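Heads up: the protein sequence lines correspond to chains Y and H, in order.
Each residue of the first sequence is one higher than the last, beginning at 1 in the numbering used here.
Each residue of the second sequence is one higher than the last, beginning at 1 in the numbering used here.
Warning: the hint list may mix true and false statements.
To be verified - Now the stretches of chain Y that chain H is said to cover, found in silico as 3 or more residues with beta-carbon under 8 Å:
#1 27-37
#2 58-70
#3 231-237
No wet-lab data here; the hints were simulated from the structure.
Since the model is a prediction, treat every value here as computed from it, not as a measurement.
Beta carbons are placed, not taken as given, at the ideal position from N, Cα and C, and that holds for glycine.
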Amino acid sequence: MRSRPPPHLTLFPHGLSAGAKLLLYLLTSILLITADARFHVLAFLRTTGNTLLYPIQVTAQTPWLVIRQMDTFFTRQQLLLAENKQLHQQAINFQIDAWQLQHVLQENQQLRALLALRNRQSLVSHAAAILSIPRDPYQRQITIDIGSHAGVRAGAIAVDDSGLVGQVTQVYPFTSQIALISDKDETTPVQIQRTGEHAILYGTGDGIELRYLPNHADIHQGDRLITSGLDGLYPAGLPVATITGSQSNSQSFAHIDCHQLANIDRHNHILVLIPDAPRSGTPH
Amino acid sequence: MPILAPPATAIPTHHHGTTIAVSLLLAMVCNLLPWRIDWLWLRPDFLLLVTLYWAIYRPDQIGVGHAWWLGLVEDFADGAHLGQHALAYAVTIYAVGLFQRRLFNFPPWQQALPVLVFLLIDEIVNLVVATFAGDSRTPLYYAFSTVTGMLCWFVLWIILHQLHNKAPHEKS
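All chains, please: the whole structure from these sequences, using the hints.
What follows is the structure, encoded as structure tokens:
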């Protein structure tokens, strides 16, 4: 026998009616959205919420990590040997490059000193694993597993082995969020490698495009875009994208589509580059 | 087949607090799994689906208020505007509340269509909020996740019904 009927079966339930409750929560939501989107005053709340979420994020990641580790464990030895040999070869090549680079750097420093130019900022790099990719169609962001504890600052940039990934926009104690260059709020100062022409690369939400280049600009399909370093935030010379096609319409500006070089889908690790000396730059 | 003609559900009187909390936590974990970026638009919102289930079967335990807080958690996880998912969840669960008694008696294949509508409501509220908050671009193919969500409903229903109906036997 039931001693007490469930509340939803009682004739006159106590408390607010469902409609009144909904109205209350609607108003609270609108307040929150306005405070967050228009006035950006909820940073503390965001940090707290994300710190509390961190254990769940790590838990979600664990099964994949275990599977991947098992996978690595059972990799054939021959495969490993071949890879090892190849990596050795690569390391030797890189070593030769590094010697040359050192020489060039020295020369460059002397030349810069001669020309009285500002010295380039050195960067500290941190390896980070991608924790999750949120399914919000309105934002192109990823979450990584290092935060302010590892020295990450908003505005730091992220790269993978093939190019620029994006920029750190939110830093929490143990995680940070990176806006990909395809995020609709991201702009990247770039340079066309072949011609040296400067341009600005805009994220569109589901791709990237070059804007404000005239119709007669010297552009070919397959041209490589590299960071120009003009804003002082991105180091110059990082590969960013290749041009996939351009249409000249009736307006004076060409419509140029690009393809991002970085591929965060292929591997789970990226590199975060943090300027060595603290600076007062804000993220774009 | 329990899914085609399920036995009549007894009106539950005992509390399912732990079961509900654990299932919601697992749904959150599913949402946070590292999905491939090319397939992201197919990923249903597991947290909302599980919330829908409990709002239909245990309306005394999961209501508009709980949905709002769960939506806020989703906002943190997604990096969306704070309050965006919270608002969408609250509206969706309110809509569930209007039809709860009918849905309670439907077999899952009959619940599927209303579930699709609820997921669409969530998607539409999200779109409206994002548009008002200043996001101009809205890739519409993301709405397809409502269809995959409806397909996931059957699987979720079977799993959650097992949990839901097993608990009293263990207790008695």
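Structure-inconsistent hints, enumerated in ascending order: 3
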